[in-house]
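Q: Please build the complete structure, drawing on both the sequences and the hints.
So the chains spell out like this:
2 protein chains.
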Amino acid sequence: MNKDLMTLKPIGYVREGKIVLNPKWAKGLKGIEGFSHILALFWMDRAHKPDMLIQPKSRMKFPAIGFLATRTAHRPNPIGFTVLKLLKHKGNTLWVKGLDVWDGTPVLDVKPYTKREEAKSYRIPPWVKKLDKLETDPLRRYGS
Amino acid sequence: MNKDLMTLKPIGYVREGKIVLNPKWAKGLKGIEGFSHILALFWMDRAHKPDMLIQPKSRMKFPAIGFLATRTAHRPNPIGFTVLKLLKHKGNTLWVKGLDVWDGTPVLDVKPYTKREEAKSYRIPPWVKKLDKLETDPLRRYGS
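Residue numbers (our numbering), protein chains in the order written: chain A, 1 to 144; chain B, 1 to 144.
One or more of the hints may lead you astray.
As the list makes no split between identical chains, a pair holds if one copy fits it or if it spans any two.
Unchecked claim - Here are the simulated SDA-like cross-link-like pairs (lysine to any residue), alpha carbons at most 20 Å apart as the crow flies:
#1 85 to 118
#2 27 to 49
#3 85 to 66
#4 90 to 6
#5 85 to 97
#6 88 to 126
#7 9 to 101
The hints are simulated quantities; they were obtained by calculation from the structure and are not laboratory data. Computed from a predicted structure; not experimentally measured.
A: Below is the structure:
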């Protein structure tokens, strides 16, 4: 594979909160129901070019931070990443909990969630905790 | 952004176990040192086309599983994903622990690790645990 030609193709799309793969990849999901959680990668097709620095919630007095230290969708490669609880798998469809992307969003990859993803005693900065207290949508909280 | 044209550009490369971004993105890392762990996305440029079903370790008697239920690099979109402990950040360079990719691998994205990635009481299938017992490289264990 040529590293100068990095082109993606969707393996499926988000449909009504479910992950619906192209039927040709259905067989590649065999056994995924053995895992309680999955990682899903999306192409955030509504994203725009990144702003280098971001002021978390404009009305607050946090120092501006770099976009790579945030989870904004507006990045050089707008790949969204989410950990999802897998509720059900049938054919080319995955029923999941916690999906927070637009309907029709292209799906790039699905991977099983394993021990590798579990960071023991990790640390997040105070501004994340403060912002979470203001966030009313639990799906949009990062560190609470 | 056009969803029919999903083209990636590296924001940096893996150099001697470190993540070295293009200097133009250095400012975008501001504040990342507030997080103890990061997520990194890579373009697995040595990957080949996926095999639909995979026999975990050929000599063993596990049922074949779909490639999407494994962490093989050989996927329609060969995007590697890793959780890394962040040891140090200076300029455009991130010193990390636990990086298990080839030197020169293109880096697609860096994101902070947050509570969202922590799946409480997750479940992995028996074959993952059995394989891990045979794996001598701790970086390659999934569920032990």
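Q: Does each hint fit the structure? Answer for all of them.
A: Structure-based check of all given hints:
For a Cα distance limit of 20 Å, the shortest separation of residue 85 from residue 118 qualifies both inside one copy, at 14 Å, and across copies, at 11 Å. Taking the shortest alpha-carbon separations for residue 27 and residue 49, only the inter-copy value of 15 Å comes in at or below 20 Å, while the best intra-copy value is 36 Å. For the homomeric pair residue 85 and residue 66, the shortest alpha-carbon distance between copies (19 Å) is at most 20 Å, but the shortest distance inside one copy (30 Å) is not. Neither within a single protomer nor between protomers do residue 90 and residue 6 lie at most 20 Å apart by alpha-carbon distance, with minima of 31 Å and 28 Å respectively.
Taking the closest pair of Cα atoms, residue 85 and residue 97 come within 20 Å of each other only inside a single copy of the chain (5 Å); across copies the shortest separation is 27 Å, beyond that limit. When the C-alpha separation of residue 88 and residue 126 is checked against a cutoff of 20 Å, the pair qualifies only between copies, where the shortest distance is 19 Å, while the shortest distance within a copy is 36 Å. With identical chains, the CA atoms of residue 9 and residue 101 are at most 20 Å apart within one copy only, with a shortest distance of 18 Å there and 23 Å across copies.
In the structure shown, a violation is registered for the earlier hint numbered 4 alone.
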